[in-house]
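Asker: Sequence:
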Amino acid sequence: MKAETNMETVRSFIQAFWNEGNLACTDQYITEDYEDHAYVPNNVIGLKETARVLHTAFPDQCSAVESIVAQGDRVVVRLAMTGTHLGLFRGTEATGNRVDVKVYREYRLVNGKIAEHWALFDTVSLLRQIGAELHQQPACRIK
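When we follow my numbering, the leftmost residue of the sequence shown carries the number 7, and every step to the right adds one.
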């Protein structure tokens with residue numbers, strides 16, 4: 007039962023936060039001591055800043071759940087993020103190109119809220135799809 011509940015929490019969070027751009031929903035879904043292992047800074051501020059940048063660059067972005075599994079307090083989800091490059095992203099001006107990128111996210115939940123997050127984002131594929139220059143900048147440092 008707990009795994010099913012945790013999967014539903016993650017699905018709801020992805021819909022509200024990533025797809026609808028409701029950054030204020032973190033109060034509902036994220037613990038006070040949340041730790042993010044993918045974004046800088048590694049807390050809710052880094053999470054929100056990353057979302058702002060992505061929503062500015064790809065305002066119509068949508069993350070569709072392709073696979074989701076849960077065990078205990080962990081939920082792993084594979085997503086297909088699609089959208090249109092309509093704003094600045096990592097130094098590349100809007101191209102109008104459509105993108106389709108795989109994203110893997112792992113969440114650890116405590117008492118029904120997300121306490122930790124890890125992500126693997128296919129940044130190279132995204133950069134190629136928008137015609138961006140590839141360089142050694144860390145993938146999740148998107149400013």
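Since the hints were made in silico from the structure, they are not lab data.
Possibly wrong hints are sitting among the right ones.
Straight-line C-alpha distance at most 27 Å; calculated DSS-like pairs for lysine-lysine [what the hints assert, rightly or not]:
#, residue 1, residue 2
1, 119, 8
2, 108, 54
3, 119, 108
4, 54, 119
Asker: Holds or violated: residue 108 with residue 54, Cα cutoff 27 Å?
Answerer: Roughly 20 Å separates the two Cα atoms, so the pair holds.
Asker: Compare the distance between the alpha carbons of residue 119 and residue 8 with 27 Å, and conclude whether the hinted pair is satisfied.
Answerer: holds (12 Å)
Asker: For the pair supplied as a hint, residue 119 and residue 108, confirm whether the alpha-carbon distance does not exceed 27 Å.
Answerer: holds (24 Å)
Asker: Verify the proposed pairing of residue 54 with residue 119, using a straight-line Cα cut of 27 Å.
Answerer: holds (16 Å)
The structure meets every hint from the earlier list without exception.
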